[in-house]
Amino acid sequence: MTGQLTNTRRYPRLVLGGRDLTVEVVFVTLVVLLVAVAASTSDTFLTQTNLTNLLKQMVTTGLLAFGMLVVILTGGIDLSVGSVVAFSGILSAGLVSGLPLPVAIVAGLAAGIVFGLINGTLVARFGLAPFVVTLAALTTIRGLAFVYSEVPISPENESFLTLGSAMVGPIPLSTVIMLAVFLVGGVFLTRTPAGRSIVAIGGNAETVRLAGINVRKHVILAYAISGACAGLAGVILASRVGIAQPSVGVAFELDAIAACVIGGASLAGGRGSAKATFGGVLVLVLINNLLNLYGVQSFWQQVLKGLIIIAVILVQRTNRART
Amino acid sequence: MSLELRGVHKDFGGVEVLHGVDLAGRPGEVLAVVGANGAGKSTLIKILSGALSMSAGEMWMDGERVGLRSPHDAHARGIRTVYQELTLVAQLSVTENLLMGNFPRRAGLIDWPAAHRRAGELLEEAGFGAIDPRTLAGRLSVARQQMVEIAKALVSRPRVLILDEPSAVLAGSDLDALFALIRRLQEQGVLIIYVSHRLAEVLDLATSIVVIKDGRVIETTEPARTGEDELIRLMAGRRLEQIYPGRRTERGEASLTVTGLTREGEFEDVSFTLHAGEIVGLFGLVGSGRSELARCVFGAEPAGAGEVRLPGGAGDFRTPGEAIAAGLALVTEDRKRSGLVLGMTVRDNIALTTLHSTRRGPLIDAARQRRDVTEMIDRLNIQPAHCASMAVVNLSGGNQQKAVLAKWLLVGPRVLILDEPTRGVDMATRVDIYRMIDELAREGLSVLLISSDLTEVLGATDRVLVMNQGRISGELRSDQTTEDEILAYSIGLTV
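Top line first, the protein sequences correspond to chains C and B.
Okay, so the first sequence: first residue is 1 according to full-length UniProt numbering, each after it adds one.
Okay, so the second sequence: first residue is 1 according to full-length UniProt numbering, each after it adds one.
Since the hints were made in silico from the structure, they are not lab data.
All C-beta atoms in this analysis are idealised placements derived from N, C-alpha and C, irrespective of residue type, glycine included.
Wrong hints could be hidden among the right ones.
Covered, in the sense of this in silico footprint (three residues per stretch, anywhere, with C-beta under 8 angstroms from a C-beta of chain C), are these stretches of chain B [said to hold, decoys possible]: (1) 56–69; (2) 200–207; (3) 310–321.
Derived Cβ-Cβ restraints for the label pairs, each shown as a range [claimed, not checked]: (4) T482(B) x V187(C): 58 to 64 angstroms; (5) L267(C) x H72(B): 54 to 60 angstroms; (6) A391(B) x L267(C): 16 to 22 angstroms; (7) R69(B) x A180(C): 49 to 55 angstroms; (8) A305(B) x A180(C): 50 to 56 angstroms; (9) P311(B) x A180(C): 26 to 32 angstroms.
To give an idea of the interface, some chain C residues facing chain B are shown, with a C-beta separation under 7 angstroms as derived from the structure [what the hints assert, rightly or not]: (10) A39; (11) G143; (12) L144; (13) G186; (14) T192; (15) R196; (16) G203; (17) N204; (18) E206; (19) T207; (20) A268; (21) G270; (22) R271; (23) K275.
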């Protein structure tokens with residue numbers, strides 16, 4: 001709506017060698033600041049136990065946030081991820097007692113993909129609103145998790161725990177997996193035809209359709225990716241905790257959405273990046289960790305987190321108003 | 001009310017786009033502002049309507065210096081602007097759009113019968129009585145929506161009315177209604193600032209004409225003292241006869257055959273054949289079904305009956321993808337809604353049609369994509385020349401249109417359908433587009449040029465198909481017909 005342009009102000013951009021590095025600089029500064037505050041005010045922050053913990057904690061939010069980003073880029077939303085975490089976790093924990101470990105893991109992942117395909121098909125093929133479809137999926141899949149097992153399952157097979165506890169040098173294996181997802185995911189979104197199509201669909205689906213690109217297929221793909229990420233997150237979480245609960249993962253979708261939004265993704269679609277979303281995950285997880293270390297009561301943590309999210313987004317907003 | 005601008009400057013991020021514009025209008029005047037796209041007209045209008053603030057300069061109204069800080073300020077001072085972009089809320093009725101917040105009430109609740117009556121009166125007064133105020137705005141044709149926009153601007157009885165390309169989507173009797181309205185407002189002492197690319201109507205309506213070029217007023221004149229030729233020369237440094245390249249048909253083999261194509265409620269039993277090397281015009285008033293026909297041929301909408309055939313057997317496309325693969329390309333009429341992804345870069349937009357074919361392994365072949373896009377930017381002379389990584393939304397209208405064209409030329413089509421490719425596009429870009437179309441046709445492409453601009457339909461084509469109410473009502477040779485004849489066919493008068 002160029003016709004409704006209001007008076008514009010300019011904000012400084014950080015450009016280096018022709019590349020706009022504002023996003024990177026903002027997040028690096030923010031993370032360094034948070035780490036510095038944490039390190040100087042808390043004795044426990046820099047201990048190995050806490051850092052390992054931190055790296056493990058960011059896995060779930062990170063995986064869910066990347067999947068969420070892909071869906072948000074199409075202009076949709078996936079509210080079902082928390083329930084998928086529970087279902088995939090409990091499914092793989094249950095199967096592992098009778099089946100080989102890889103089969104159990106793949107089953108958890110596959111369940112996530114199937115739920116994603118169903119969500120995507122309902123949205124793309126039948127034109128239902130993403131919010132409604134995935135809200136229904138949220139309750140349905142949660143129900144299925146309880147149907148599968150009303151009580152928590154502790155897998156008898158010890159090897160099940162490796163996924164969540166193994167270390168690659170100083171870094172947990174699960175964190176490496178999450179980083180790999182972001183790395184491959186970033187390349188997918190910026191450098192593959194399917195990734196670019198997904199971003200473009202969120203910008204203007206009709207233009208993309210008329211350019212001869214199969215919009216439905218790509219929207220379904222986006223939800224399948226989100227489902228896969230949630231499935232993987234569920235298996236890893238169950239493996240880390242050592243017990244799979246049908247009630248786990250309530251409101252996980254909110255942290256995932258928050259990470260995307262902090263990373264500057266537009267809920268209207270078409271704008272957002274893996275890099276910035278990863279920055280959003282870091283900020284979110286650091287804030288959580290910091291508040292824990294300070295011993296802030298969990299209800300106040302929620303309040304503070306909410307306020308911090310608003311503040312970060314406001315800063316983003318003013319920064320973007322430049323054009 | 002009299003309104004005056006003195007020495008207005010405007011810069012965006014250090015780049016000055018207006019260099020000291022002076023403008024003056026008195027009550028009852030129709031002040032026409034003409035100029036090529038990028039000349040600064042839109043910026044000027046936004047300053048007049050409070051949407052942008054000036055960097056330097058003064059604005060005076062009735063001898064008082066004023067500073068507009070927002071569109072709201074402008075409204076308060078009696079300035080109303082009707083933009084080219086439609087701003088109606090599609091899901092609300094015409095009545096709600098018109099009265100927006102000023103509903104007649106009864107016992108605290110909205111009195112709907114009275115509201116509809118009032119809206120009907122407002123439309124009647126504006127000369128658009130044919131519109132039913134109970135209709136949802138989104139159900140109206142683009143032309144009718146434009147009329148409601150104008151009626152909406154009149155609700156608060158403005159003293160200055162700014163119209164930005166109001167006639168771009170209007171034709172026939174709708175256009176007459178608009179002109180009659182402008183004359184009535186003029187008599188009531190309203191100052192009208194009228195921006196249009198259609199010079200004939202500017203000459204017809206205006207009391208004075210301001211020509212803007214490169215951010216400066218280069219001429220202030222009156223219709224009696226100038227003509228279309230001179231205005232074009234002033235705007236673009238070109239003569240009228242230089243706009244359209246002379247066509248000489250060298251018609252080749254049939255390239256697209258449409259037989260009995262029908263889509264209920266939109267068009268019926270449409271048959272025509274395009275040939276290689278030929279530019280065929282498709283003229284019809286808004287609502288005649290021409291855009292719908294194009295979308296259907298292209299596989300974007302299913303057909304009810306009939307056949308689309310290409311030599312070699314391909315045809316009856318179920319998706320745009322199939323049509324593109326067979327060698328079709330469609331430049332749609334609304335580039336914001338269906339031509340561009342506004343948030344993406346120029347490169348991403350131009351590369352969209354070849355996204356899935358330009359790959360190396362699983363990844364996009366970035367080097368090739370870059371090369372292809374740069375080549376297209378050069379070939380179509382898209383400005384600024386280094387725009388590949390700019391957001392496409394930051395290009396001027398004419399250059400945006402060229403970007404859409406570039407996207408389609410990249411697939412190497414054999415049949416190119418252009419739906420209103422020059423709407424809201426400046427003269428210099430138009431000339432570029434006509435020359436490009438002509439070149440493509442000479443290379444053996446078939447072009448279907450859909451247009452509601454009679455001069456264009458006559459000047460740029462070999463043959464004209466005329467549509468009326470969903471049917472082809474005439475087929476004429478461009479060098480043997482007249483604007484009157486085409487118009488007669490388009491409104492169903494058989495000559």
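Here is what the structure says about each hint:
Coverage of a stretch by a chain is defined here by at least three residues with a beta carbon nearer than 8 angstroms to that chain's beta carbons; for the stretch 56–69 of chain B and chain C the count is 1, and the condition is violated. Against chain C, the stretch 200–207 of chain B contributes 0 residues with a C-beta closer than 8 angstroms to a partner C-beta. That does not satisfy the three-residue criterion, and the hint is violated. Counting residues of the stretch 310–321 of chain B whose C-beta lies closer than 8 angstroms to any C-beta of chain C gives 3; at least three are required, and the coverage claim holds. Remark: the range hint 58 to 64 angstroms for T482(B) to V187(C) is upheld by a beta-carbon distance near 60 angstroms.
Between L267(C) and H72(B) the Cβ separation comes to about 28 angstroms, which falls outside the hinted range of 54 to 60 angstroms. In this structure, A391(B) and L267(C) meet the distance hint of 16 to 22 angstroms, their C-beta atoms being roughly 19 angstroms apart. Taken as a hint, the range 49 to 55 angstroms holds for the pair R69(B) and A180(C), whose Cβ atoms sit roughly 52 angstroms apart. Range check, A305(B) to A180(C): Cβ separation about 54 angstroms, and the 50 to 56 angstroms hint holds.
For P311(B) paired with A180(C), a C-beta distance near 51 angstroms fails the hint of 26 to 32 angstroms. Given the 7 angstroms rule on beta carbons, the hint for A39(C) is violated: about 39 angstroms separates it from the nearest Cβ of chain B. At a threshold of 7 angstroms, the smallest CB-CB gap from G143(C) to chain B is about 35 angstroms, leaving the interface hint violated. Because the beta carbon of L144(C) sits about 34 angstroms from the nearest beta carbon in chain B, more than 7 angstroms, this interface hint is broken.
Taking 7 angstroms as the C-beta contact cut-off toward chain B, the hint placing G186(C) at the interface is violated, the least distance being around 12 angstroms. Against a cut-off of 7 angstroms between C-beta atoms, the interface hint on T192(C) holds, since the closest Cβ of chain B lies about 6 angstroms away. Hint status for R196(C) relative to chain B: holds, with the closest Cβ pair at about 6 angstroms, below 7 angstroms. Here the hint on G203(C) is kept, as its CB sits about 4 angstroms from the closest CB of chain B, short of 7 angstroms.
The interface hint given for N204(C) is met, as the beta carbon of that residue sits about 4 angstroms from the closest beta carbon of chain B, less than 7 angstroms. For E206(C), the interface hint holds, the least distance from its beta-carbon to any beta-carbon of chain B being 5 angstroms, beneath 7 angstroms. About 5 angstroms separates the beta-carbon of T207(C) from the nearest beta-carbon of chain B, less than 7 angstroms, and the hint is met. For A268(C), the suggested interface contact is broken, since its CB lies about 9 angstroms from the closest CB of chain B, more than 7 angstroms.
Because the smallest distance between the Cβ of G270(C) and any Cβ of chain B comes to about 5 angstroms, under 7 angstroms, the interface hint for this residue holds. Taken as an interface hint, R271(C) checks out: its beta carbon lies about 6 angstroms from the nearest beta carbon of chain B, inside 7 angstroms. With a cut of 7 angstroms, the hint placing K275(C) at the interface with chain B is violated, because the nearest CB-to-CB distance is about 17 angstroms.
In this structure, the earlier hints numbered 1, 2, 5, 9, 10, 11, 12, 13, 20, 23 are contradicted, and the remaining ones agree with it.
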